[in-house]
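Chemist: Given next are the chains, with one letter for each unit.
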Amino acid sequence: ETGVTQSPTHLIKTRGQQVTLRCSSQSGHNTVSWYQQALGQGPQFIFQYYREEENGRGNFPPRFSGLQFPNYSSELNVNALELDDSALYLCASSLAVQGHRYTFGSGTRLTVV
Amino acid sequence: AQTVTQSQPEMSVQEAETVTLSCTYDTSESDYYLFWYKQPPSRQMILVIRQEAYKQQNATENRFSVNFQKAAKSFSLKISDSQLGDAAMYFCANSGGSNYKLTFGKGTLLTVNP
Numbered sequence: 001e002t003g004v005t006q007s008p009t010h011l012i013k014t015r016g017q018q019v020t021l022r023c024s025s026q027s028g029h030n031t032v033s034w035y036q037q038a039l040g041q042g043p044q045f046i047f048q049y050y051r052e053e054e055n056g057r058g059n060f061p062p063r064f065s066g067l068q069f070p071n072y073s074s075e076l077n078v079n080a081l082e083l084d085d086s087a088l089y090l091c092a093s094s095l096a097v098q099g100h101r102y103t104f105g106s107g108t109r110l111t112v113v
Numbered sequence: 114a115q116t117v118t119q120s121q122p123e124m125s126v127q128e129a130e131t132v133t134l135s136c137t138y139d140t141s142e143s144d145y146y147l148f149w150y151k152q153p154p155s156r157q158m159i160l161v162i163r164q165e166a167y168k169q170q171n172a173t174e175n176r177f178s179v180n181f182q183k184a185a186k187s188f189s190l191k192i193s194d195s196q197l198g199d200a201a202m203y204f205c206a207n208s209g210g211s212n213y214k215l216t217f218g219k220g221t222l223l224t225v226n227p
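From first to last, the protein sequence lines are chains C and V. Counting from 1, position 104 in the first sequence corresponds to residue 104 in the working numbering; the numbering is continuous, with no gaps. Counting from 1, position 86 in the second sequence corresponds to residue 199 in the working numbering; the numbering is continuous, with no gaps.
It should be emphasised that the hints constitute simulated quantities derived from the structure, not laboratory data. Please note: incorrect hints may appear among the correct ones.
[To be verified] Partial selection, computed: residues in chain V whose CB lies under 7 Å from chain C:
| hint | residue |
| --- | --- |
| 1 | R156 |
| 2 | Q157 |
| 3 | F204 |
| 4 | K214 |
| 5 | K219 |
[Unchecked claim] Below, a list of computed lysine to aspartate or glutamate pairs in the DMTMM-like style, where the Cα atoms sit at most 20 Å apart:
| hint | chain 1 | residue 1 | chain 2 | residue 2 |
| --- | --- | --- | --- | --- |
| 6 | V | K186 | V | D139 |
| 7 | V | K168 | V | E130 |
| 8 | C | K13 | C | D85 |
| 9 | V | K219 | V | E128 |
| 10 | V | K219 | C | D85 |
| 11 | V | K219 | C | D84 |
Keep in mind the model is a prediction, meaning the values are calculated, not measured. Note that the Cβ used here is the ideal one computed from N, Cα and C, for glycine as well.
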């Protein structure tokens with residue numbers, strides 16, 4: 001089975017720009033969650049998608065948005081980038097009925113300058 | 114609300130020795146799960162061990178075991194026979210409820226000395 005794949009691995013953007021990060025979930029998984037990990041911190045939950053609908057959201061502003069596609073892959077979009085958005089963005093997939101079993105990708109390192 | 118606290122920013126251990134990483138948590142959920150994840154420089158979060166809160170028996174995975182004290186809301190990780198490859202950032206995490214959100218601690222950086 002394939003694991004979770006994230007792209008790109010690294011990205012540099014200018015403040016005010018928009019960015020799209022992508023995640024392909026593990027084969028057979030139908031739920032995708034996104035996390036932001038600032039340097040030296042634990043990951044913070046952004047939101048989760050299940051059956052193409054947002055299913056829970058953390059304390060992030062509306063300029064953080066997402067999508068889930070019929071094949072369960074997902075996108076994270078961030079508008080009006082700020083310097084504090086610089087972080088590692090992790091995607092995790094799971095199968096809802098399996099109860100809290102997550103597989104993580106290797107993340108996208110976003111740097112905002 | 115869920116919180117996870119790791120009070121040890123850094124720990125070190127000699128190769129082949131045993132080390133224990135501490136974690137305390139708080140949750141309003143009655144049905145919840147606890148995890149230890151390892152994050153090496155490759156950045157990927159790797160599941161080390163998973164504990165279902167309703168199970169009284171402590172989870173074990175080869176050299177890794179936990180001491181789950183539900184009343185004290187404590188969930189420590191013991192690594193036996195430490196190996197150089199165990200060196201990494203270790204995160205304690207908690208999830209519960211229907212939205213499967215993981216709440217992480219700030220992590221403990223484990224160094225293994227040869």
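Chemist: Please go over all the hints and tell whether each is borne out by the structure.
Modeler: Against the structure, the hints:
1. R156: With a closest approach of 5 Å, the R156 of chain V hint holds.
2. Q157: With Cβ-Cβ at 4 Å, under 7 Å, it holds.
3. F204: holds (5 Å)
4. K214: With a closest approach of 5 Å, the K214 of chain V hint holds.
5. K219: This interface hint holds because 5 Å falls under the 7 Å limit.
6. V:K186 <-> V:D139: Holds, at roughly 7 Å.
7. V:K168 <-> V:E130: violated (28 Å)
8. C:K13 <-> C:D85: It holds: about 10 Å lies between the C-alpha atoms, which stays within 20 Å.
9. V:K219 <-> V:E128: violated (24 Å)
10. V:K219 <-> C:D85: holds (18 Å)
11. V:K219 <-> C:D84: Measuring from Cα to Cα gives roughly 18 Å; hence the hint holds.
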